[in-house]
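Trainee: Using the sequences and the hints, build the whole thing.
Now for the letters of each chain:
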Amino acid sequence: MTTNLLHTIVLRSKLLEVLGVVEKSVGGEHTSLPILKHVLLRAQNEKLTLTTTDLELVIEYSLLCKVVREGSFTVPFQVFYNIVKNLSSERITLEQIAGSIDSPQHQTLHIITENYEANIHGQASDDFPIIPVLSEVRGEITLPFSVFLEAMSQTSQATLYSDIRPEISGIHIQICDGELAFAATDSFRLAERIIAVNSFTSSSRDVSLTIPIRTVSTMPKLLFEASTGEDGEIRISYDSTQILFLVPRGRVISRLVAGVFPDYRQIIPSGFKSEAFLDRLEFLNAVRTVSSLSGKGNDVLLEASGGKKFLEIKSSQGALGENVYKMPANIEGEGFELTFNWKYLLDGLKTFKGPEISLAIAGNDKPAMLRSKGEHRLLYVVMPIRG
Amino acid sequence: MIKAHISFFFNVARQKNIVIINAVRRVFVTYFFMNNDEIWEVVLGDIEAQISRPNFLTWMKQSQLVSKDEKDGAVLVGLPNNFAKEWVKSRYHKIILGSLRNLDGSIRSVDYAVVNANTAEAVQRRIQRKQGGNAVVSQFLKPQEPLLELHIDPKTNINPRYTLDSFVVGSSNELAYAAVQAIIEDVGKKYNPLFIYGGVGLGKTHLIQAAGNEILKKYYNKVRVLYVTSERFINDVVWALRNKRMEDVKTKYRDIDVLIVDDIQFIGGKPATEQEFFYTFNTLYEHNKQIIMSSDRPPAAIPTLEERLRSRFEGGMIIDVAYPDYEMRFAILRAKAQEHGVSIDEDILKEVALRVKNNIREAEGVLNKIIFCQQVKNERVTTKKLEDIIHEATTRVSKRVATADVVRVVAQFFGISPQELVSRSRKREVVEPRQICMYLMREVLGFSYPHIGEKMGKRDHTTAIHAYEKVAKEISQNSGLNQKIMLIREGLEKST
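Top line first, the protein sequences correspond to chains A and B.
Under the numbering used here, the first residue of the first sequence carries the number 95, and numbering increases by one thereafter.
Under the numbering used here, the first residue of the second sequence carries the number -17, and numbering increases by one thereafter.
These aren't lab readings, by the way, just hints derived from the structure by calculation.
Note that the Cβ used here is the ideal one computed from N, Cα and C, for glycine as well.
All the pointers check out, no bait thrown in.
Far from chain A by the CB rule (all over 12 Å, computed), these chain B residues:
1) Val24
2) Lys232
3) Thr255
4) Asp278
5) Asp307
6) Lys318
7) Ile326
8) Asp327
9) His373
10) Lys437
11) Gly439
12) Ala454
13) Glu475
14) Lys476
Dumping the calculated DSSO-like pairs for lysine-lysine here, alpha-carbon to alpha-carbon at most 30 Å:
15) Lys199(B) <-> Lys390(A)
16) Lys179(A) <-> Lys160(A)
17) Lys408(A) <-> Lys204(B)
18) Lys420(A) <-> Lys204(B)
19) Lys131(A) <-> Lys108(A)
20) Lys408(A) <-> Lys420(A)
21) Lys131(A) <-> Lys71(B)
Mentor: Written out as structure tokens, the structure reads:
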């Protein structure tokens, strides 16, 4: 191979940040191909670009540096990361050393600082997987980091973290009536966040994609690094099987979830028998307190009957005991008595920010809905435990 | 001149030969020899030899030959993801093309595509195969099933899942059902003790636990109910003996209003337990406390049970739960399916009811598998698939039963020796077991009549026919005989 030998000088703090971003897609313990545990370093145009992939996800991120000689090389990620993390001096020189005449394969990366020196055995960049490109771009969406991140974090906790039903193991994005809807469900609850027309642009009117939950989980770190204190814009483009997230200094390429996300809008209840208006933080606290005595099914009972002035939150576990939390509430409509999984309730309550929350009940075995006056673009639907 | 002719001839022949060889090879490949999978198998072998093991596993393992166009010699290779596609295209294309052309000279080009078991199209197809769009939605947001098993009340030990409402009543169990209802109305006064017996999986546990549940519901807090399996009772007694805490057992079991004991037959042959149970029984009985017991056989047939206990058990009401008939089995299955909240084709349920006769638990197992197929794997259960499921669920024993097992188990059941069973004796207590034995050889082992005669002490095949037909006829009329045979069958299952 006649590739140039990489030689560059970088700042430790910058390198460390970028290593933190690309860490998420390094191949795991059980990967069959050893090079997937490596990070690809490419020095070019006064930039050092780091790439990792586990063949599901690619993260690529770059930092400014002084390029002495352009080139590319791969080294084991974990070793490299550990060294950079613990170095004390800010200036690091990275130089690729060619293999000797006896073993041309044995290339190393020479790391030098003013008080430290190391040689790490690496592998030629030719052996690193080729990063796929989008074949036929179907559309492109652009929106601010802050909006994108908020929508992701408000919906992601409702996702199914499992491969049993691949079609719902991610966050679904679609355009409905010109607005962008983020939704996630694990078949017991559903979270939806809608982004208004003026907050995003899309090249297509007809968008329907599901982003794998693992890809979603890499976003906060990526966007945090990319934002550098101010709000930037993320560009999302996609073809039939892949999605590309583009931020100023980096990109993430991921597969899309295959399969059709269920038409969840059908089941969002519209009519309710009763609605309870509650102080959000107190309700959250009440559920959390009562949960300590709930059984293995995580069940807590919400009961509104007497006087309609308060809501009772109860749970009991045969061997341990029982408890009741009585909290003031403003209840409209009929009384009710429903059992919920307290984890689902907590997840829902945490997605809202406002001081007041409403719990709307449609009946036994029918979905209940959490809403907040101030945040009408967000809703959380949760199924009760069958009574 | 001649030389030139010969050389020309040879050249033509050689050229023709190559053409012929290629043609033969092509015909061979396309028509007789290999399908796409087999061709790909060969290619993979070639590649494996040329690249490293990790590379092979990562890039080529899940590849497949998707299609082969005979006309323009274009081959499409499917790879699991975009990474593999890019990599294989740039690194292994030459090897693949070479290997394919070796097998089939007509191949001109190879193209690559991402083919995944879970591509959008495949999943879509799977969903569409299920009836209508509504099925998808109803399955999609559903109430969470409560973990009822974990809700067993530690005070009473009763599982709230068992209720009388969910108990399907038919001719085979209506008497037992009526008795339980009478007891609920009038606890401790009417049928005391109530002794319910019947084979495995016929709903005894359901019925007696439901009795407990209904009593609790009716006389809430005023009545103390305790449900135990006899094994639990035995363990308690053993624990108390070891720790010298017999008082604890006495308070636990005597300070209650309704005692429900499941599988009471197991206390037979354990003297200390029997004694303790005898005292408990007497105490409760004297104070008009209700006792409900279940067993797999009537008190008289529990071999090691002490006489004084047997007579106590027989003092109340003894009712058997028989095998449900077809209609009842169907009704039970339908109720179960409803309980699970799934709709299953009536024909499928009918078929299950028809085929799985002896044990409701087994039928439920089949039902659960069907539900699993429908819900989790999104597969429609066809008649053929059903056949497989039933087969899987019901044929686990019969193959391994040997002739000697049948003879031994029958002899043991009737308390005679195997030698006696095959002897010439015509004593009454030997004749019936012998006939039952022959019946079982026919039913369980599927032996021919002459073979059965041979095995049963060199008897004539007509004797075997007579025995089989006599038992088969009597089984439908005489529930006692039916009971015996079921017990022997269970014994056979356990012995293997």
